[in-house]
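Colleague: What follows is the residue order along each chain.
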Amino acid sequence: MILQEIAIPSFVGVGLSAIFSSTTLVVILGVFFVSYFIGSCFLMYHWVSYGMGSAGILLAEIVFVLVSIVLFVTAGLAISYF
Amino acid sequence: MSYDALHLELGENVILEVRKHWFVFVGQGFVSLFVAIVPLILFLIIRSYVPNLVEFDIPGNETALFLFLYTLWILFLWILFFVNWTKYYLDVWYVTEKRIIAIEQKRIFDREVSNLRFDKIQDVTLDVHGFLPTLLNFGNIKVQTASEDSKNFHMNTVRHPERIRRVIFSQQNKNSHDFPNKEESSA
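Protein chains in written order, with numbering that gives the first Met the number 0: chain H, 0 to 81; chain U, 0 to 186.
Just chain H, with the same shape it has in the complex (with noise of 0.2 Å):
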């Protein structure tokens, strides 16, 4: 492939194995979480206040609640496997 024998200069030497550490990712993961907290309590105080108990805001909140479960543990799994 022609897109192959562009001579593209690598990273390596960088020295991104300071930045990129298990315990940065924890801590990135650990910022991240308190953000999207406080920004889902933002959301359900709509969600219970305006919402009017509809079954929209209902399936709105077990969708949204367990998704991100789910992406928070796989976040959790790919520090893991780091």
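Bear in mind the hints are in silico, worked out from the structure with no lab data behind them. No experiment lies behind these values; they were computed from the predicted model shown. Note that CB positions come from ideal geometry on N, CA and C, so glycine has one too. Keep in mind that a hint or two might mislead.
[As the list claims (entries may be wrong)] Pair ranges (Cβ atoms, derived):
hint: 1; chain 1: U; residue 1: K150; chain 2: H; residue 2: S79; range: 56 to 62 Å
hint: 2; chain 1: U; residue 1: S1; chain 2: H; residue 2: I37; range: 23 to 29 Å
hint: 3; chain 1: H; residue 1: V64; chain 2: U; residue 2: I44; range: 31 to 37 Å
hint: 4; chain 1: H; residue 1: S79; chain 2: U; residue 2: D126; range: 53 to 59 Å
hint: 5; chain 1: H; residue 1: S79; chain 2: U; residue 2: K141; range: 53 to 59 Å
hint: 6; chain 1: U; residue 1: I14; chain 2: H; residue 2: V69; range: 36 to 42 Å
hint: 7; chain 1: H; residue 1: Y80; chain 2: U; residue 2: D126; range: 51 to 57 Å
hint: 8; chain 1: U; residue 1: W72; chain 2: H; residue 2: L65; range: 16 to 22 Å
hint: 9; chain 1: H; residue 1: V33; chain 2: U; residue 2: D109; range: 51 to 57 Å
hint: 10; chain 1: U; residue 1: V25; chain 2: H; residue 2: V33; range: 28 to 34 Å
hint: 11; chain 1: U; residue 1: N83; chain 2: H; residue 2: L76; range: 26 to 32 Å
hint: 12; chain 1: U; residue 1: T133; chain 2: H; residue 2: V33; range: 43 to 49 Å
hint: 13; chain 1: U; residue 1: N83; chain 2: H; residue 2: V69; range: 18 to 24 Å
Knowing the structure of chain H, use the given hints to seat chain U on it.
Modeller: Here is chain U on its own, set in the frame of chain H:
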């Protein structure tokens, strides 16, 4: 359903909920989906054709790192999707036997609630314009009022606009029969 937050009067019930057509939101959903898969496709293309570009000096598993970052990106889009959905879902008109309660959810922390009694309504106009709106039966609706500030109520891309107009007019007629000429009766 519990309409306590609307503070309805005694004996007042919600007849109709008016929301924008789902098609509008599906469009936003597709944009989110596209933005979600673009990093994945880019990563796979670069890894296949220009591998030097993604060779990092990382002590651990590159794929696990990509999965981690990608999951955070999806989580960010996921909550953004629900912020948009909340704006879509909470932007609603409630038509009761006595009035229209128009709730405009402009942004997540920008909410405006207005009431419009049927005796203040002058006209209801519809605008179904284009192939898709005609096919899927959605359009713009505008309620013109006779209030002092002449505030008009409008909502774009609502579902079944003709049905909404019919319900509003039928309630308006019903109200004028139930309470004919309030001023005359009070005099």
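Colleague: Could you run down the list of hints and mark each one as holding or not?
Modeller: Comparing the hints with the structure gives:
1. K150(U) with S79(H): 56 to 62 Å: 58 Å, holds
2. S1(U) with I37(H): 23 to 29 Å: 27 Å, holds
3. V64(H) with I44(U): 31 to 37 Å: Check passed, 34 Å falls within 31 to 37 Å.
4. S79(H) with D126(U): 53 to 59 Å: Holds - the Cβ-Cβ distance for S79(H) and D126(U), about 56 Å, lies within 53 to 59 Å.
5. S79(H) with K141(U): 53 to 59 Å: The hinted range 53 to 59 Å holds for S79(H) and K141(U), with Cβ atoms some 57 Å apart.
6. I14(U) with V69(H): 36 to 42 Å: With a Cβ separation near 40 Å, I14(U) and V69(H) satisfy 36 to 42 Å, so the hint holds.
7. Y80(H) with D126(U): 51 to 57 Å: For D126(U) against Y80(H), whose Cβ atoms are near 55 Å apart, the range 51 to 57 Å holds.
8. W72(U) with L65(H): 16 to 22 Å: 19 Å, holds
9. V33(H) with D109(U): 51 to 57 Å: 25 Å, violated
10. V25(U) with V33(H): 28 to 34 Å: About 32 Å separates the Cβ atoms of V25(U) and V33(H), which means 28 to 34 Å holds.
11. N83(U) with L76(H): 26 to 32 Å: 28 Å, holds
12. T133(U) with V33(H): 43 to 49 Å: Since the Cβ atoms of T133(U) and V33(H) sit about 48 Å apart, the hinted range of 43 to 49 Å holds.
13. N83(U) with V69(H): 18 to 24 Å: 21 Å, holds
Checked against the numbered hints above, the structure breaks only hint 9 and satisfies the rest.
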